[in-house]
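J.: Chain A is already provided as a structure; the job is to place chain B on it using the hints.
Protein sequences, first through last, are from chains A and B. No gaps in the numbering here: position 38 of the first sequence is 38 in the UniProt record's numbering, and each next residue is one more. No gaps in the numbering here: position 46 of the second sequence is 46 in the UniProt record's numbering, and each next residue is one more.
Calculated from the structure, these hints are not laboratory results. For each residue, glycine too, the CB sits at the ideal point set by N, CA and C. A hint or two may mislead.
Unchecked claim - A few chain A positions that, by computed beta-carbon distances, are all more than 10 angstroms from chain B:
1. 14
2. 40
3. 71
4. 77
5. 109
6. 166
7. 247
8. 276
9. 329
10. 346
11. 360
12. 416
Unchecked claim - Covered stretches of chain B, going by a simulated chain A footprint (3 or more residues, C-beta under 8 angstroms):
13. 161 to 169
14. 336 to 343
15. 411 to 420
Number of protein chains: 2
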Amino acid sequence: MKITKFGGSSLANAKQIRKVFDIIKSDSDRKVVVVSAPGKRFSSDTKITDNLITLAKQVQTGQDIEETLSAIKERYMSIIKELDLDQKIKDQLEKNLKKMITASYSSYEQLLNAFKASGEDNNAQLVAAYFNENGLPAKYVSPEEAGLYVCAQNGHTRVLPETYANLEQLSQTQERIVFPGFFGISKDKQRVTFSRGGSDITGAILAKGLKADLYENFTDVDAIFAANPQIVGQPKKINHLTYQEMRELSYAGFSVLHHEALRPAIMADIPIRVKNTNKPELPGTLISKTRSENDYHITGIASSRGFMSISIAKYLMNEEVGFGARALNIMAEHNLSVEHIPTGIDEITLILRSDQFKSAADEKALLQELQEKLNADKVYQEKELALLMIVGEGMISTVGTAAKAMAALAQTGINLKMIDQGSSEISMLFGIAAADESRAITALYETFFKAEVSVEK
Amino acid sequence: MKITKFGGSSLANAKQIRKVFDIIKSDSDRKVVVVSAPGKRFSSDTKITDNLITLAKQVQTGQDIEETLSAIKERYMSIIKELDLDQKIKDQLEKNLKKMITASYSSYEQLLNAFKASGEDNNAQLVAAYFNENGLPAKYVSPEEAGLYVCAQNGHTRVLPETYANLEQLSQTQERIVFPGFFGISKDKQRVTFSRGGSDITGAILAKGLKADLYENFTDVDAIFAANPQIVGQPKKINHLTYQEMRELSYAGFSVLHHEALRPAIMADIPIRVKNTNKPELPGTLISKTRSENDYHITGIASSRGFMSISIAKYLMNEEVGFGARALNIMAEHNLSVEHIPTGIDEITLILRSDQFKSAADEKALLQELQEKLNADKVYQEKELALLMIVGEGMISTVGTAAKAMAALAQTGINLKMIDQGSSEISMLFGIAAADESRAITALYETFFKAEVSVEK
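Okay, chain A solo, but in the shape it has when bound:
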């Protein structure tokens, strides 16, 4: 049995929904379909989810909602019309939207969650109706009905363990199941969304709950590429990745699959296949626990911008028990998440995502607080950093691969702000200036994928 999830662009219009239908119909193992909200039809188009967020703000602040609501309705209605669906589903969606707008909410957060969730929820109902009208018996199942429970903690939505047992019941269903992605319900029956792109997570949770043989994730790319195609022209497609490789690549910018979607799949050891809705005949990329060697010693090169560093210098800091703890406590008190902590002698550097600061004044105040509370010799920051990640289970030796990577970067004149390699034997992490990102990725790609690979043992 397969769980098959489709992204927003795969469901953006009638033509795409027909492709989805064909894909599901062609394989009787595709029992569960997880749908996103309609995405962009063309690059300047607006995703329905963005419209719903605008609508939520307008409702909350008492602004005029007519135009936004019409745009949302129009997206569904044009699809319904093109698909030639009957009046029933049209009435149902209109009823759903009206109910959503007129319901009372105990907080703006609750309202926003309900509005955002409706994008997927209405689309699932629409897709189920289309399947049924075209001779493929299908049943819309909501997270409420299935018992997909979640809780929101520190801004993150996590699935509750009892969900998996609840979902097992769905295997009794005879029809194809059409399930809305992106949200679950809290213990008090409120809809709570995952982070953006979270339909991937719903699919993975269903795959684990239903003990699927495969989790198919249909999107609009042929495969996961070995490097960013916007930087490297026509990078190699990756045929097969391990979970861990995917996790590490997704950390540094490989966003085809939502990184939180890996956890349930890993726990239940369910392979994931990323495929293209527009070219379903292509094999795409398989992600599983292990894989046989590929032709390349490394699998992918990822990068992610938006980082900064704060360095704290203090003579003989290594002799002060708890110095690092005090520094990190100050960061935690400010609710700042620190991603990496490279250390020199007498110096500790904190690498964090820059968007965590609300203002330049907040940043300045933090630096001063670190200086004073730690009695530091010097505290300074560096902005506009990118993290660069080389990943591959095929690395014969990390040190050989690292030497090769660094030689490539050195020849390109790229200065490393940070090198961090802990115990992971399948990846290396470098910090560079964001301005060097493209040159660095290009140099590494040339080294590892274009040349004949020969890493010294």
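T.: Showing chain B alone in chain A's frame:
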């Protein structure tokens, strides 16, 4: 004006003390002599400081002290006899020792401090007597008289700031000053020693207080070597180092100069020259703020054993604000100093000195506590690690040097447990298995010092 400090082996017997006399007499700028306690005369000899520690324990526990006390007395008396000094100094030292043993102490720590300090204190009096008897007017000055105040904090003895102004008064003294190294006095007039080898620190404090032009540190090696001579046969001598290079090298095992001795010298920008008492004609090694380029891109390769790592794995830990802080807080609660914190994705590694654990049970309990309190997926340790450090202000580019270093290690088949490079642009730190230490140092030395150096820009 120069401060000239002599190590224990430079003062181990009469022959060595005559060399010290010649060195001081030959240069009228050598106004202040800082002396250690008599060190080893031959490799199986016992340092007087070790005898004093034994004596302290025996006095404290009421054991028989006769043999130990005799050994201590014998060391001084044989020197006095060989140097043909008069009865006065002999009586003085016997009086000092008697007073030390019969005094009352408020704690064992106070007793131990007083006993240890006596090694240098008596030697300073002896050396001053010898100088005077041989026509070089000299005055023994104690930390009490000079006002060298210290405080002990968390097991570390630090100089108090008012000391520097007090020491300035010494410049009025006409004679050569002979000053005992290794200890200062607390605000309540108790003697408090620095950490072992701390006479270097006394010398540096005097150099700063007296605004010396040079701090000479006489020991038993011709110079500081570019690598451990016990591993690399006849390594290159380093002519000139910067303070920062010395600090980084001393962190990882270069122990010629006590690492805490650098701070006062750096603060007052006083150059340090390490010289050999047995070959005072050799230039030794100069340590100063800046230096002109040398022939090598890197200056030294250091290594230090006795480290271990504790790795903590938890899926999506980077999204948990304060995870690192919580981990480090647990370490601090156990009074464990963490030296480096390399991070992977979903994994943080703590590198620390192994000798901080009292027992294997303590270690096991800590791992369990980390696992439970952090709700970690996995906590595991790796023992017997060594840190390897490559240092050089002459690194044209860190990344080029790192690439070269890693290629050398890869070719030697050495696995890197950790790579850590923060913001220091003059050093790179690697973690390796302690068993690989010699091979790693040899490989790096061959690469950077024996071959023609050509680091890519």
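J.: Confirm or reject each hint.
T.: Checked hints:
1. 14: With a cut-off of 10 angstroms, residue 14 (chain A) remains clear of chain B, as the shortest Cβ separation is near 38 angstroms.
2. 40: holds (27 angstroms)
3. 71: The claim holds: residue 71 (chain A) sits with its nearest Cβ about 33 angstroms from chain B, beyond 10 angstroms.
4. 77: holds (39 angstroms)
5. 109: The claim stands: residue 109 (chain A) keeps its Cβ more than 10 angstroms from every Cβ of chain B (closest is about 19 angstroms).
6. 166: Answer for residue 166 (chain A): holds, closest chain B Cβ roughly 22 angstroms.
7. 247: violated (6 angstroms)
8. 276: holds (27 angstroms)
9. 329: Nearest chain B Cβ is 5 angstroms from residue 329 (chain A), so the label is violated.
10. 346: Given a closest Cβ separation of 7 angstroms, the condition is violated.
11. 360: Correct as stated: the minimum Cβ-Cβ distance to chain B is 21 angstroms, above 10 angstroms.
12. 416: Label violated. Min Cβ-Cβ 5 angstroms, cutoff 10 angstroms.
13. 161 to 169: violated (count 0)
14. 336 to 343: holds (count 8)
15. 411 to 420: holds (count 9)
The structure shown violates the earlier hints numbered 7, 9, 10, 12, 13.
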